[in-house]
Structures are given as C-alpha cells and as structure tokens.
Amino acid sequence: MSDYCELSNLTKIYPTPKGPAVIVKDFNLRIKKGEFVTLIGHSGCGKSTVLSMLAGLNEITGGGIILAGKELSGAGPDRGVVFQSPSLLPWLTAFENVMLGVDQVFFTASKEERHQIVEYYLTVVGLGDAMHKRPAELSQGMRQRVGIARAFALRPKMLLLDEPFGMLDSLTRFELQQVLIELWRKNKITALMVTHDVDEALFLSDRIVCMTDGPEAEVGDILEVNFPRPRERKAVMEHPDYYKLREHLIEFLEVHAHKHKRVPTTPPENWPPDGTMFLKRPKPMLEAVLNLF
Amino acid sequence: MNQSVLKKLDWLLLPLIGVGVVLLLWQISCATWAKELPSPAKTWATSKDYVLKPFEKRGEMDQGILRFTWYSLTLVAKGYALALIIGTPIGFFLGLSKTFTKTFDPIIQVLRPVSPLAWLPLGLVLFLSAGKNASELGALFTIAICAMWPTVLNTAVGVRAIPQDYLNVAKVLKLSRTKTLFKVMIPATLPYMFTGFRLSLGIAWLVIVAAEMLTGRPGVGGFLWQEYNALIYEHIILCIITIGVVGFVLDRLMSVVERRFKTA
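From first to last, the protein sequence lines stand for chains W and V.
Quick note on numbering: the numbering used here labels position 26 of the first sequence as 38, and the sequence is numbered without any gaps.
Quick note on numbering: the numbering used here labels position 206 of the second sequence as 1303, and the sequence is numbered without any gaps.
Keep in mind that the hints are not guaranteed to be accurate.
Mimicking DSBU-like on lysine-lysine, the simulated pairs with C-alpha atoms at most 30 Å apart in a straight line are [as the list claims (entries may be wrong)]:
(1) W/K30 with V/K1195
(2) V/K1229 with W/K30
(3) V/K1195 with V/K1271
(4) V/K1276 with W/K123
(5) W/K169 with V/K1199
(6) W/K45 with V/K1268
(7) W/K246 with W/K82
(8) V/K1199 with W/K198
(9) W/K82 with V/K1268
(10) V/K1195 with V/K1229
(11) V/K1268 with W/K145
(12) V/K1229 with W/K200
(13) V/K1276 with W/K82
(14) V/K1199 with V/K1276
(15) W/K200 with V/K1268
(16) V/K1195 with V/K1139
(17) V/K1154 with V/K1268
(18) V/K1139 with W/K37
(19) V/K1150 with W/K44
(20) W/K198 with V/K1229
(21) V/K1271 with W/K45
(22) V/K1268 with W/K169
(23) W/K82 with W/K37
(24) W/K82 with V/K1139
(25) W/K145 with W/K123
(26) W/K145 with V/K1271
(27) W/K44 with V/K1268
(28) V/K1268 with W/K37
(29) W/K200 with W/K246
(30) V/K1139 with V/K1154
(31) W/K82 with W/K169
(32) V/K1229 with W/K145
(33) V/K1195 with V/K1145
(34) V/K1229 with W/K123
(35) W/K198 with W/K169
(36) W/K82 with W/K198
(37) V/K1175 with W/K169
(38) V/K1195 with W/K123
Source of the hints: derived by calculation from the structure; they are not laboratory data.
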C-alpha cells in the first residue's frame, strides 16, 4: 500500500530569550492508508507537538507534511481531532456540538441529512439518549464520546487523537477504546494517536512509534503490532507476543528514550543530614526582638 | 420550637432591627447636634404626598416620586444602552489585539477615573449647538462615558480568558471569522460581559443624579437639588432613599440575568 500521510524532516523550534529551543528535530514518519499508528513517549517529549503540527494548530518550523497527495498548511476539517480534554462548547448541547462541524463540512447536504449524520454518530458512540444534554450534565467519559462522535462525523481523511483517554478512569478508558476501535474499523480511517499508555497503544495500533525524549525529539524505534483484527481485549492480552511487545516498549521507555544523559545522580554534599543543619535555624522573630531589651 | 421559628424569621427580623437602629441614630442626631436635620417623623409627614400619590404631576418640579424616578430611568436607559453599544466592541478589540491594547489602554486608564461632575460640562459644551436638547445630550454623553468602563474592561478580560481549547475547535472546524465570533467567542465571553453590564448599570445610576443636579432636568436628582435650594430638607432624604432603593433593585435584577449566563 502507498503512503497516505508523510511527515518528512518535521522540525519544531521555539524562539526563547536564551536562544532557539529545538523541541522536535527531523521527525520522519510514513503512514499507510487505513493504518492506526501510535506515538508513544514520555510526557513533554514532543509527541503532542508533532500531532498538533499535523492538526495545523501549531506552526511547522521545518520540513513538511503531505496528506493524500497534498502538502498541508493550516488547520482544517479534513483532519478530525479528538483532544485530551473533550473541548466541547459548554453552551451547546452534545447534538449542537457535533452539528457545528457537520454544518461546516456538509453544507451542501439538506438539513435533514445533516441531522441524520449527527444522530447516527452520537448513537454509535452510545449517546442516543443523551444527545440533547449539555456537557455539564454529562460525565467525563460521555463528553469524550461526544468528542469522538464530533471527529468521526466530519468523515475526515485522517483522525488525530491527542491522549484522548488520559483524563478518564481505567474502566471508562477500556469502554471508550472499544468504541473508538469499532468506529475506526467501520470507517477505515487513517489514524494517528498520541499516548503514554503502553497497553492502550498495543490494543489499538498497527504500529507503535517510540519517540526519544525531548529536546530534539525524534523517532527512536518502530514496533509492528500484528494482533489479528477485529481485536478483543482478552484475546489481545492472551496473545503469545503481547508481553514480549509490552516489555520491549517499557524497556525502551525506561532506558533508550533517554538519549541525553540525565542529571548526575550523586546526592548533594551534606546529604544525608547529620542533624546539625536543623540546629542552625534562626531564632524565632519574637525571641530575637525580646533579646534586644 | 420557639427558637426555630425565630431562626426562620431571621431574614426579616434582622434587617428590620438594622433599619430600627439607623432610625434611632437619625432621631438622636436631629435632636442633638444636627438641628436642621428633619426627624424621621417630619420627613414622612412632608414626603407622604409624594410617596402615596407616586405618579401625580402638580408641576414641572413637583411630581410624584415614582414619576421622577421614571424620568431618571428613561434617561439612564438611553445612556446605558449607548455605553453598552460603544463599550462592548471596544472591549472586544482590547481583548483581541495586543496592538490595540498598547495603543489605547493608557488613554482608557486615564479617562476611567474622571468624575461625572467633570464630564458633564464638557458634554454640555459638545452639544451646545443642539440648543434645547443640549442638556439631555450632555447628560447622555456623561452617563455613557462614565458607565462604559466596566463593560469595556470586563469584556476585554473575558475575551482574553476564552480557553484555547474552544479556539482550537473553531480552527480545526475551519469556522469563518464571523462564525467563530458569534458561535464561539461571544458565547464564551458572555458571563464576563454581563458582570461588566451589571457594574456599568450601577455607575449609570450614580451618574444620573449628578447629571440632573447640574442640568436641572426633572428627575430624582433634579428634584433633590431643587428641594435643597427651596430649603425643604425632608425631600432630600426622600430622594436619597429612593435613589438607593432603585439602585438596589436594578443591581438585583441584573445579577439574576448575570447568573443565568454564568451556568450556561
């Protein structure tokens, strides 16, 4: 299969008072059509920066991105984004939140058709009964379901997920991963997800891209995940390769991700304290003042 | 049992006690050091015509107290509307553009603390050519320019406080500028705007008294000044109480509206 999305020499540099800070350097990745790729790495390593450059929310300093044969510039609804926080507009109902995007993309469709699109996607994510509620009346998990429905309803060329389940408890996370993977399979959308959850990455992805720590983050390792699809969580976890892959990932994150030497681990000089440092405490103010007289 | 009934009546009893204490102090004051101050009883006796027949019109400057209030309120409404119409867009520009802020913020900070008493003469001069309407236009100008600052500043703060998440949504969906403004930015700013609107209304009501005093227009403030000159001090107190009560009611009404937008 041909490459559908191509990130070449992608670089992000922020100017700071102390000189330019290179966050991402020469990041290269090719994603095939219909593939589910996950970026994994420590927090702050720059994986979200890569994703937001792809989303068009962050300017690209160097290199470029080609999606479906066209070079990207700026944001647009051809990429459906699921943010870490659901980012719903609180004054609109779930339905209206999804409709906002659908109106924008399917402006040629009739009002009824657009209604059907919104209703369909909200029902699929399990919000058939709650679609006319406002975000404040929905649980965090339900809000993120709306976020997923909003992204899929645009029928985007590519789906971008920025730690989509990071704010959820683990049970809700499992449920939503299932919702996501089924929608993805039905819609055959190319997807790029950012996460730091190893199990989530293994359950969802075709390929896992490990990023080295920033600054100057780059691709460290790429892992093929060949569990049969459609996937069941139990079957995946019982697969003979599962723990091998998991260990590989964790080892990478623990050891190889740190390509820059960390701060030396020798303790400070007068450590452990022998007790004398606590005796040098200055006298309390009142006592000091009284001593003047 | 008895005690719990008392507890339930707290909301009524305690304010009544407060009023009683103030009336007592007032009574003592006019009996001791402020001989010219009319006593509460005398104030009521002199004012009751104006209170009990609140809409009567006996002459230009001799009308029921609610009729005067009504004149004042219509003038405030006009000036206040003007303040919102001018103030809200300025607030939006301040919130959106750093250049605009750097250019105009110093001027705003300098004009903001200027008293209505200082603006009014300028207003009168500005509309001198309007002849008969000069005093009304001058008053409107004063109300608008004094009352708009809370709206301006709160709107600006509100615009700056729009979460980046919402703006990202607008960007990703590629909403047009107008759509972003009306579907995202204005709804997100509304709670702040309404706080500004409420504070502005309070100021507009403060200014009206000064404006009427200086221009001699019929209204609560105009009546107050005239009765001071006519040495009918009881009516001054009547006016003060009226101004206070009306201001309080306006503030309550606005905060009801404001709260509706807070939860949205």
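Here's how the hints hold up against the structure:
| no. | hint | in the structure |
| --- | --- | --- |
| 1 | W/K30 with V/K1195 | holds (24 Å) |
| 2 | V/K1229 with W/K30 | violated (65 Å) |
| 3 | V/K1195 with V/K1271 | holds (23 Å) |
| 4 | V/K1276 with W/K123 | holds (18 Å) |
| 5 | W/K169 with V/K1199 | violated (42 Å) |
| 6 | W/K45 with V/K1268 | holds (25 Å) |
| 7 | W/K246 with W/K82 | violated (40 Å) |
| 8 | V/K1199 with W/K198 | violated (53 Å) |
| 9 | W/K82 with V/K1268 | holds (19 Å) |
| 10 | V/K1195 with V/K1229 | violated (42 Å) |
| 11 | V/K1268 with W/K145 | holds (24 Å) |
| 12 | V/K1229 with W/K200 | violated (75 Å) |
| 13 | V/K1276 with W/K82 | holds (27 Å) |
| 14 | V/K1199 with V/K1276 | holds (27 Å) |
| 15 | W/K200 with V/K1268 | holds (25 Å) |
| 16 | V/K1195 with V/K1139 | violated (59 Å) |
| 17 | V/K1154 with V/K1268 | violated (60 Å) |
| 18 | V/K1139 with W/K37 | violated (86 Å) |
| 19 | V/K1150 with W/K44 | violated (84 Å) |
| 20 | W/K198 with V/K1229 | violated (75 Å) |
| 21 | V/K1271 with W/K45 | holds (24 Å) |
| 22 | V/K1268 with W/K169 | holds (17 Å) |
| 23 | W/K82 with W/K37 | holds (22 Å) |
| 24 | W/K82 with V/K1139 | violated (87 Å) |
| 25 | W/K145 with W/K123 | holds (21 Å) |
| 26 | W/K145 with V/K1271 | holds (25 Å) |
| 27 | W/K44 with V/K1268 | holds (26 Å) |
| 28 | V/K1268 with W/K37 | holds (25 Å) |
| 29 | W/K200 with W/K246 | holds (23 Å) |
| 30 | V/K1139 with V/K1154 | holds (23 Å) |
| 31 | W/K82 with W/K169 | holds (12 Å) |
| 32 | V/K1229 with W/K145 | violated (56 Å) |
| 33 | V/K1195 with V/K1145 | violated (56 Å) |
| 34 | V/K1229 with W/K123 | violated (56 Å) |
| 35 | W/K198 with W/K169 | holds (14 Å) |
| 36 | W/K82 with W/K198 | holds (25 Å) |
| 37 | V/K1175 with W/K169 | violated (53 Å) |
| 38 | V/K1195 with W/K123 | violated (40 Å) |
Violated hints, in rising order: 2, 5, 7, 8, 10, 12, 16, 17, 18, 19, 20, 24, 32, 33, 34, 37, 38; the structure is consistent with all others.
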